[in-house]
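Taken in order, these protein sequences are the chains called E and F.
Numbering of the first sequence is given in the numbering used here, commencing with residue 1013 and proceeding in unit increments.
Numbering of the second sequence is given in the numbering used here, commencing with residue 3 and proceeding in unit increments.
I should point out that these hints are in silico values taken from the structure, not numbers from a laboratory.
Fair warning: there could be bad hints in the mix.
[Claimed, not checked] Ranges of calculated distance between the beta carbons of each label pair, as one might list FRET restraints: (1) E:Asp1088 with F:Tyr391: 30 to 36 angstroms; (2) E:Ser1187 with F:Leu138: 41 to 47 angstroms; (3) E:Gln1148 with F:Leu435: 43 to 49 angstroms.
[What the hints assert, rightly or not] Listed below are several chain E residues computed to face chain F (Cβ distance under 7 angstroms; list not exhaustive): (4) Ser1057; (5) Thr1058; (6) His1059; (7) Ser1061; (8) Arg1064; (9) Ile1068; (10) Pro1102.
Being a predicted model, the structure only gives us computed values, none of them experimental.
Here a beta-carbon is modelled for each residue, glycine too, at the ideal position from N, C-alpha and C.
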Amino acid sequence: MKRRPAKPALAFFLLCLGGTASAATATPPPHPPSRVLTSCSMCHSTHGSDPRFGFIPRLAHQNQVYIIEQLKAFRDGSRSDPPAVMYMWPVSEALNNHEIVAVARWYASQPAPRPQPGGQLTPAGKAIFQKGILKQDVPACMSCHGPVAAGSGIFPRLAGQNTEYLEEQLRFFKSGVRHDKNADIMHMIAIHLTNRQIRAVAEYLTTL
Amino acid sequence: MNSGVCPTRLLPGRCLVLAGVLGLAALALSRPASAIPSFARQTGWSCSVCHTIFPQLTPIGRLFKLEGYTTANLANMQRLKQKLRRMAPLELNRIPPVSIFIQASDSFIQGGEANQFGSGGTTGQGSVEFPQQVSLFYAGRVASHIGAFFHLTYTHTGGFGVDDSDIRWAAHQSEPDGSTLIYGIEMNNTPTEPDPWNSVPDWDWPFYSSNYSPLRDIPAPYIVQASGASEPIAGVGGYLAYLFGQGEDHWLYLEADLYRSGVGIGAGTGQVFGPYTFGPIQNIAPYLRIAFEQNYATWNWEVGALGMNTNVYPTSVASGASDRLLDYGLDSQVQYLGLSGEQIWTAHVSWIGENQYWEPVPSIGFKPNAEDTLETVRVNGQYLLNHRYGAGLGYFWVWGNPDLALYGPPTGNPADLVSATGNPDSNGLILELDYLDAQNVEFSMQYTAFNRYLGASSNYNGQGRNASSNNFLSFLMWLTF
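Only chain E is shown next, with the shape it has when bound in the complex (with noise of 0.2 angstroms):
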């Protein structure tokens, strides 16, 4: 079903206020649960700083409550772009609730992934990023994610993502491919973006 392009305003004001100060968990546990030695470390790495493959997000520091959430999103299906349905629907169907918390408890305690270089395209990114396009209604990004895109609550920490994760699911985003709970809102955005910008704004976040 083709989407129709909206303008995201109070959808967007609305989602942003509603955004917790939560970031990554005060106590990390002492060692790696169980299941993110058997199954998570196998693609995303046992601290969640160095996933295999450039499309597999780093999960390090990222907020509790969003991997909490896209666990949860991909065990009932409502995540469904293709690599949450090859990767994570099978992951994530053997997990209960208790071992999803744990899981999500274990990576966001982690040390934050260190920055990587950017590219030709990470000034624009970074305008993007901080400013938005006003005339391609475009928000900017760190009104949701943060000033340095550390994320909250259920918006994802974004910071030293893999340049390539960030741009394909942008890409997701803008297909209406990715339509999970809260995807409404990044499709209303990322429509409005060219590819040259999703590759700009993806190449700025992986320096942060």
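With the hints as your guide, set chain F onto chain E.
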């Protein structure tokens, strides 16, 4: 050289050529050209998560192997309660990790019938194999830290044998600095089988070839030949994989195994493999492997080295003098996976050399040179689009010093694949096209063009047969479920 099994039509001097033949045949036997569905059932992942074109591994596939095939995403393990807590636990797969693999092929040889000493048969003008191979796999997790990749193979020569297999225990230790050490102990029946890269002999491209391809009659070093499918050898060893650096993007892999001859089942022909093979290993044959992989966001490259020192008895009698075969090699692999794996490129290069120190066996008239060398270089690349359309292109070179006792002499039969000069030098090109109707159903076409065969481009066997006479075209279908 085993006079008890060598048919009279085979001269003793030809025997080690046959070993090469058998080795290549065994090598192909030992290549499970597919993802194993039982792995997919265990992980919930489709084949393409761990494989590019089968059986080539992605980094995730390599990790799955290093972790002992124990990753189990689906809740398919049934935990049976212990009577006492301190008793050993029991976890059984709800779905047994069993899979079946079937290959069928039709092939054509350009220059007409050729006698293959490896299989003891002839190629005919064309050969249909239905099946070319049937394998029964037990592949998957056995317990928390133990997994198996074990398969029995039925071959065109009849009978089942243990194809290349391993059983391994693995664990890992993650450090706060982000590095991870994976360590394991394994038993296997084929040198290089435990390896996670596809640039070593047991896993190198092409991933299949017809049993009737003259490619199998080209001499090969022992480490290429020594497969569980060809003779009952078994190795016990261990490995370490250290993942370190920013993003754990550096992988260092070390493996050591000790191989011995044992009593086992050779594929198709029982303990005696073909008309001639090497005898048992004298004492223990050590194998060493070191490799390094550098990972980037969408691609990775590997470089490695391997070595094996084997003393083998020249006959099936495990006594007296032995021949010494010292193998050494370098390999490298580059793999581009792209975003979501829509387009995948992989390239391999490998060089394997062998120093051979022979003991004559007067009782059967085997009088080779005291020392020989044999070397092989293989360069190949594969492309896969959307996990549906594939293409592969490769070139191989084999060379060494002439030895009529090993690679000749001419027999007077123009169909025989022997060298008139005792020269092993061969090279040629392999082209393959693949179509995957589903991830577990593949159709392939493979063409091998020989530029040089056993020492010459023309009249290599002294009976007017040219290298191009052995050009070989085959069509293959495989199914796995």
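Hint-by-hint comparison with the structure:
1. E:Asp1088 with F:Tyr391: 30 to 36 angstroms: This hint holds: roughly 35 angstroms between Cβ atoms.
2. E:Ser1187 with F:Leu138: 41 to 47 angstroms: At 44 angstroms between Cβs, range holds.
3. E:Gln1148 with F:Leu435: 43 to 49 angstroms: 46 angstroms, holds
4. Ser1057: 5 angstroms, holds
5. Thr1058: This interface hint holds because 4 angstroms falls under the 7 angstroms limit.
6. His1059: Because about 5 angstroms separates E:His1059 from the closest Cβ in chain F, which is inside the 7 angstroms limit, the hint holds.
7. Ser1061: 6 angstroms, holds
8. Arg1064: Constraint on E:Arg1064 satisfied, holds at 5 angstroms.
9. Ile1068: 9 angstroms, violated
10. Pro1102: Where the cut-off is 7 angstroms and the nearest Cβ of chain F is about 2 angstroms from E:Pro1102, the hint holds.
Consistency note: the structure conflicts with earlier hint 9 alone.
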